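Q: Sequence:
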Amino acid sequence: MSLLAIAKKFASVINWVPFINSIVVKHGNKFSVKGALLIGCKVRLKGVNNSITIGRGTVLYKTRITINGEGNSLKIGDDCVIKQAAFVYEDDENAICVGNNTRMMGEILVACLEGRSIEIGSGCLFSSEIEIRTSVSHSLLDEQGKRINQADNIS
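Here the working numbering = 1-based position in the sequence shown + 39.
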């Protein structure tokens with residue numbers, strides 16, 4: 040049996056060892072890990088009615104999840120491997136969905152802002168130094184003062 044297979048078998052114990060992960064879930068939020076393995080991860084849920092669901096057989100390594108707002112959701116499918124990614128939410132009613140068997144390998148930022156969504160399909164592969172953002176976090180205005188860089192969904 041491989042080391043990864045052994046680690047997945049004992050994931051429910053490893054997920055909650057405080058010396059390995061730092062997980063802060065405020066009252067009124069949901070954090071569901073169904074047989075996933077988290078190593079060296081930081082999770083912060085602030086606000087209410089936010090949810091995180093991580094699928095069976097998924098491995099998160101040195102990954103950061105930060106949610107500031109209300110009604111946000113993160114769903115990571117089964118059998119994914121995510122290494123050194125950051126999932127960042129600001130504002131309310133944002134959603135990120137990562138399909139099954141997806142790989143994200145290093146220094147990846149997935150930022151969901153302004154009530155938008157990001158959908159990543161199954162079987163996707165991301166290398167390092169990638170940013171996926173629904174907004175650039177600042178407004179660009181035309182001569183009449185109208186914003187020209189609206190946030191948008193990504194799929």
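These are calculated hints, taken from the structure and not from any lab test. Please read all numbers here as calculations on a predicted model, not as lab measurements. In this text, a Cβ means the ideal position worked out from N, Cα and C, and glycines have one as well. Where hints are given, some of them may not hold.
[Unchecked claim] List time: in silico BS3-like cross-link candidates among lysine-lysine, alpha-carbon distance up to 27 Å:
#1 Lys185 with Lys122
#2 Lys101 with Lys69
#3 Lys185 with Lys114
#4 Lys65 with Lys81
#5 Lys101 with Lys81
[As the list claims (entries may be wrong)] The calculated label-pair distances, taken between Cβ atoms and stated as ranges, are:
#6 Leu164 with Arg186: 17 to 25 Å
#7 Leu179 with Arg95: 19 to 27 Å
#8 Leu148 with Ser71: 21 to 29 Å
Q: Per the hint of 17 to 25 Å, is the separation of the Cβ atoms of Leu164 and Arg186 within bounds?
A: Violated, since Leu164 and Arg186 (Cβ atoms, about 34 Å apart) do not stay within the stated range.
Q: Given the hint that Lys101 pairs with Lys69, test it: the Cα-Cα distance must not exceed 27 Å.
A: Holds, because 21 Å separates the two Cα atoms, which is no more than 27 Å.
Q: Going straight from one Cα to the other, do Lys185 and Lys114 come out at no more than 27 Å?
A: violated, 34 Å
Q: Can you confirm whether the C-alpha distance between Lys185 and Lys122 stays at or below 27 Å?
A: Violated: Lys185 and Lys122 sit about 39 Å apart, past 27 Å.
Q: Given the hint of 21 to 29 Å, is the C-beta distance from Leu148 to Ser71 inside that range or not?
A: holds, 23 Å
Q: Is the straight-line distance between the alpha-carbon of Lys65 and that of Lys81 27 Å or less?
A: Holds - the C-alpha atoms of Lys81 and Lys65 are around 14 Å apart, at most 27 Å.
Q: Taking 19 to 27 Å as the hint, is the beta-carbon distance of Leu179 and Arg95 inside that range?
A: violated, 42 Å
Q: For a C-alpha distance cap of 27 Å, please report whether Lys101 and Lys81 respect it.
A: Given that 27 Å is the threshold and the Cα spacing comes to 7 Å, the pair holds.
The structure fails to meet hints 1, 3, 6, 7 from the earlier list, while all remaining hints are met.
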